[in-house]
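Sequences listed follow chains F and R, in order.
Its first residue numbered 1, the first sequence is counted upward by one per residue in my numbering.
Its first residue numbered 247, the second sequence is counted upward by one per residue in my numbering.
Just so you know, not all the hints are guaranteed correct.
Derived contacts from chain R toward chain F, CB cut-off under 8 Å, selection only [what the hints assert, rightly or not]:
no.	residue
1	H328
2	N329
3	G332
4	I335
5	D411
6	Q415
Lysine to aspartate or glutamate pairs mimicking EDC-like chemistry, simulated, CA-CA at most 20 Å apart [to be verified]:
no.	chain 1	residue 1	chain 2	residue 2
7	R	K401	F	D240
8	F	K199	R	E405
9	R	K438	R	E331
10	F	K224	F	D165
11	R	K401	F	E218
12	F	K199	R	D411
13	R	K438	R	E420
14	R	K401	R	D411
15	R	K438	R	D411
16	R	K253	R	D425
17	R	K444	R	E420
18	F	K158	F	E218
These aren't lab readings, by the way, just hints derived from the structure by calculation.
Just so it is clear, CB atoms sit at the ideal spot from N, CA and C, and this is done for glycine as well.
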Amino acid sequence: MASLISFIRERNKTTPTWLKVLVPVLALGGLGVVAILAVIVAFVITGWLGQPVPVLGFDQTFKQPIDFPHTVHAGTGQLTDASGQVRRNHVGEELEALGLDCTYCHRTVTTQANAGVPPVAQCAFCHQAIGQENSAPLTQLRTNAGIIGDGASPINWKRVHRMPDHVRFVHEPHIRYLTANPSAIGNAAEGVNEAEAVKPALTCSTCHGDVASMEQVEQVEPLKMGQCVDCHRDNGAPTDCAACHH
Amino acid sequence: MAVDVDKCTGCQACVLACQVENNIPLNTQDRFERNRAISWIRVERYWEGEFPNVKARFIPVLCQHCENAPCEPVCPVFATYHNAEGMNIQVYNRCVGTRYCANGCPYIVRFFNYWEPVWPESLRNHLNPDVTIRSRGIMEKCSFCVHRIRRGVRKADSEGRALNDGEIQTACQEACPTDALVFGDMNDPDSKVSEMKKSDRYYTLLPALGTSPNVFYLAKIDEDREVAHAGAEGEAGDGH
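Take the sequences, apply the hints, and build the full model.
What follows is the structure, encoded as structure tokens:
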């Protein structure tokens, strides 16, 4: 052992300074390359299996321009804040979630390809009267709706569920089928009686998860082609490529 | 699809309609000069006779959706295949751009995207949202306006009825001022295309190749010529 240490000391005396600097730099650089490769490999593998890990700016949740809580609008039962306290209005009454049907705002979902995001005017229809005056998101909404000031403009909602450009997804036939065949609904919410046709809103959870319990909407299903094809096979829907890719 | 050549005036409305409907990039002079222009349907023009008795003949040529398509078996990634409706389908997201299919096609109706498609800013909002924009490096061709077929089928389904004959129109058919192009279900014996198929003017393009196209043509009627190929089975199609 002692001879080894003395050998290294002896060698270090003769090693040029540039080499002493270069070796650790290369070692660190190699580690860096390995680390970057590991991140990329993890990204690709997880992306292949489901959703990619949220690295390289690939994140599934979006900060929307207005903090729209689906819990308040589409949820049911008492509203609680982040600390678990029951939310109360300005006169101290306990607040309950509204329990709106999805189709109340996403109006074209049963007839067209896109579910549709409501115009600001539809939000303002209720919110010109309802809601606290000092609430930041509502002030933003009322500004966008032109109730406060002159700067009326649409809200630039960020799209959460996005299909690739070569996929043509149409909501209408899916909802038509699922309302008639409730047994095919995945993640079945409560109140789904398999024997009879259901309301369109109960079918949404198949692909979108329980949006009513989400403070900030995020994509919970991978929504990749494998998932589409599995469901299409199980339900006898067309698996012809041109059914969706054209 | 049936094409009544007798009705075609060579006005090119179908070409333009197809271009707009299917998000086909603008064919600049440069692209034509390099033989890389994309047009899913083209009107071929032939001159017949000597001056002063010259006649122009027009034949719209689009993907023939062959039953026995030469483009299909050569694709290494199954990006083109025959579906149950008898259409030759091009799956853009599968295509890797080998161009074997275009080399195999005797009708020259397959087109390769040599460049990323670009439109002037003023045309960006005119793009059809139902049709995928094909990026650089992949093949494309007439789809028989499959998005219109899907829309028609969906509409009929939601109304709980069967499809009516003539309900689904392709863009070229819709634009044709003389109704020379007719799209329909050839399995339905009462459809208009089935009626037209019984005509003695029936012929297909390049029948000797045995591709058995799903697009057929009705020959031109002339004052100074007998109805082409009347009763001459097997020889049909070698005239035009």
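To see whether the hints hold, each was checked on the structure:
For H328 of chain R, the suggested interface contact is broken, since its CB lies about 10 Å from the closest CB of chain F, more than 8 Å. About 5 Å separates the beta-carbon of N329 of chain R from the nearest beta-carbon of chain F, less than 8 Å, and the hint is met. Because the closest C-beta pair between G332 of chain R and chain F is about 12 Å apart, greater than 8 Å, the hint is violated. A cut of 8 Å between beta carbons decides the hint on I335 of chain R: the least distance to chain F is about 4 Å, and the hint holds.
The closest approach between the C-beta of D411 of chain R and any C-beta of chain F is roughly 21 Å, which is over the 8 Å cut-off, so the hint fails. About 16 Å separates the beta-carbon of Q415 of chain R from the nearest beta-carbon of chain F, more than 8 Å, and the hint is not met. At roughly 19 Å between alpha-carbon atoms, K401 of chain R and D240 of chain F fall within 20 Å of each other, so this suggested pair holds. About 18 Å separates the Cα atoms of K199 of chain F and E405 of chain R, which keeps this hinted pair within 20 Å; it holds.
For the proposed pair K438 of chain R and E331 of chain R, the alpha carbon gap of about 17 Å is at most 20 Å, so the pair holds. Of the pairs offered as hints, the one joining K224 of chain F and D165 of chain F holds, with about 13 Å between alpha carbons and a cut-off of 20 Å not exceeded. Our distance criterion of 20 Å between C-alpha atoms is broken by K401 of chain R and E218 of chain F, whose separation comes to about 31 Å. Distance hint between K199 of chain F and D411 of chain R is unfulfilled; the C-alpha atoms sit about 33 Å from each other, more than 20 Å.
Taking the CA atoms of K438 of chain R and E420 of chain R, the gap is near 15 Å; set against the 20 Å cutoff, the hint holds. The straight-line distance between the Cα atoms of K401 of chain R and D411 of chain R is roughly 14 Å, inside the 20 Å bound, and the hint therefore holds. About 7 Å separates the Cα atoms of K438 of chain R and D411 of chain R, which keeps this hinted pair within 20 Å; it holds. A distance of roughly 7 Å separates the Cα atoms of K253 of chain R and D425 of chain R; the hinted pair therefore holds under the 20 Å criterion.
For the given pair, K444 of chain R sits about 23 Å from E420 of chain R by alpha-carbon distance, which is inconsistent with the 20 Å threshold. A C-alpha spacing of about 11 Å is found between K158 of chain F and E218 of chain F, which places the hinted pair at or below 20 Å, so the restraint holds.
Consistency with the previously given hints fails for numbers 1, 3, 5, 6, 11, 12, 17, ordered from lowest to highest.
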